[in-house]
Amino acid sequence: MIEIDEELCKGCGICTDFCPMKVLETSDKINKKGYYPPKAVKEDECLGCRLCELLCPEFAIFIINE
Amino acid sequence: MKYLREEIFPTKFCSGCGCGTVLNCYAHAIDELGLNPENIVSVTGIGCSSWIPSPYLKCDTLHTTHGRPLAFATGVKIMKPDMDVVVIAGDGDIAGIGGNHLIHSARRNLDISVFLVNNYIYGMTGGQVSPTTPMGHPTTTTPYKNIEHPMKIAELVAAAGASYVARWTTYNVFPLMESMQNAFKKKGFSFIEILSPCPVAHGRKIGMREGQDYLNMFKEKAIKIEKVKNLSEKELEDRIVIGKFVDRERTEFTESLRKLNQERIGK
Ligand SMILES: Cc1ncc(C[n+]2csc(CCOP(=O)(O)OP(=O)(O)O)c2C)c(N)n1
Ligand code: SF4
Ligand code: SF4
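For the record, the sequence lines run as chains A and B.
For the first sequence, counting from 1, position 62 maps to 62 in my numbering; every step adds exactly one.
For the second sequence, counting from 1, position 164 maps to 230 in my numbering; every step adds exactly one.
None of these hints come from the bench; they were simulated from the model.
Treat the hints with care, since some could be wrong.
With a cut-off of at most 27 Å between alpha-carbon atoms, the simulated DSSO-like pairs for lysine-lysine come out as follows [said to hold, decoys possible]:
1) A:K32 to B:K68
2) B:K252 to B:K325
3) B:K290 to A:K39
4) B:K295 to A:K39
5) B:K253 to B:K218
6) A:K33 to B:K287
7) A:K22 to B:K310
8) B:K218 to B:K287
9) A:K22 to B:K253
10) B:K78 to A:K33
11) A:K22 to A:K33
12) B:K300 to B:K252
13) A:K39 to B:K68
14) B:K290 to B:K252
15) B:K253 to B:K285
16) A:K42 to A:K22
17) B:K78 to A:K29
18) B:K295 to A:K42
19) B:K271 to B:K293
20) B:K146 to B:K287
21) A:K33 to B:K252
22) B:K293 to A:K32
23) A:K32 to B:K78
Here are some, though not all, of the chain A residues that point toward chain B, as calculated from beta-carbon distances under 7 Å [as the list claims (entries may be wrong)]:
24) I4
25) K10
26) D17
27) M21
28) A40
29) L55
30) E58
Glycine included, each C-beta is placed from N, C-alpha and C at the ideal position.
Chain B on its own, in the form it takes in the complex:
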């Protein structure tokens, strides 16, 4: 609790929402690494998930515009290279409206950590379809059903060039917390897609009105990445692949930028 602004609890999230569990794992990860929260800048967008770090965590938070946290985080990291920059926002924010920033930040391999909270929906605005809504799910903007294929974000970020990529659910709290620690430690773009319950804006249309309904679904559908090699795309269609996708060394952007500045203008 020493990392939290205790006076504001309980959180403003709906009962059963996964955002609080993500915050819990984030605070535990900071605690176990022994980091000084004053050295962390959490950058968020707009949405329920964008309220995970602030006002709850005692670190600096930059609330930015919808879809643009990665652009702001790029500026912060370039000017404050010694600070840990962590972006936390939703699927609508980072993968929807801000999708291009995501791809290109990963391609540049900027040294930040991104925790994308994928709750399958635009939660804060009442449950509109998002790029990650599963096919067949009704939402307020697809009242019959969603006829689009959902986006595989972790796979996309891995292909774009990030140094570290993982996917976990809010049921896998211990691996998630450990993965957050690895993201902090990793030099380069670290990305964790976190599947998280939204029983209110997403679940109510598909009969999943409790946080537990999601955790049970995660438990049932999750399959470790080590076990999927021999499975076809069809067999994996309804499964959630969890685990570490990528962990590699690759030239990092701000370091290259500083080196170039040194060579060209001597500072």
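So that you can see chain A by itself, here it is in the shape it has in the complex:
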């Protein structure tokens, strides 16, 4: 499962650019700080590799692998 804390995001776009499966995309919803956080558009294709979790500079994404 992909857990995204939208309010922590600073919109750097690293997760959306480096996800090997292009699971994440920038959403059109703006957060309180004025950034566009990512959203999972193809969650079923997620590999659970946790690259986005570790690359994120703000701890805004956590992958929960069952």
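Model the placement of chain B with the ligands on the given structure of chain A, informed by the hints.
Using the frame of chain A, we list chain B with the ligands on its own:
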């Protein structure tokens, strides 16, 4: 998140800065090793990278003066040998103004871990040239271009005598996290040079305004240390050698000091 002071997030770092990724790998390394953060002292200097552990991580942090975290860390480790002492600071701090402390701490093989965040620049003060700025890059203090050769820090620390030396970039998050765990476990001076984006103070002068520009550059230029044996210095000039440089056993300083005290004064 249990190792973090959640109420202070998001961090104060610029968007796209690598400091947050280093913090992320550091917190994951502590988590995977199952360490108690109360048993860790993070020692930092002055600079953006020196704000990586504190106030975010729930461990003790000693913010010291610019260039002197290794001197303070030496004192902490000698008085508190059972605690894990980790120094995190920038290239300007540890390799520039504090360069001599780095060489001699490695030579003594003091049992601490040092994570040097090399963002090619003095970030916090607005982008002055640092000892690691690549040749040809313009900075605020070298407005035409930098005409100096950059310092190869990991190689220097290896030659100075450290027990463990590695270099990774913030693109290599999994090896970096594993390397941090090895640094914790290693007895002796453990050193990781971490190449990290500073799109604001460094990148803006060379057209790299996003964190991604750096990660793509790291991906493209990085070459594993195992593959460089037959390459000339010229061929490696524009490459980033990543991987483990040194992993060896060598007499450690605080242990020798305690042994000597035992022999001479009986405590
Ligand atoms: C003795 C001393 N000299 C100069 C400064 C000013 N100063 C503050 S931060 C800094 C540069 C920090 O650069 P670096 O260590 O590379 O960290 P970064 O901000 O790039 O992460 C300097 C020169 C200072 N605080 N103290
Ligand atoms: S875990 Fe891997 S595949 Fe899944 S969203 Fe994150 S980067 Fe993409
Ligand atoms: S100035 Fe550079 S190093 Fe400092 S927070 Fe901004 S991007 Fe990071």
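Output the numbers, in ascending order, of every earlier hint that fails for this structure. 3, 4, 6, 7, 9, 12, 15, 18, 19, 20, 21, 22, 24, 27 and 28
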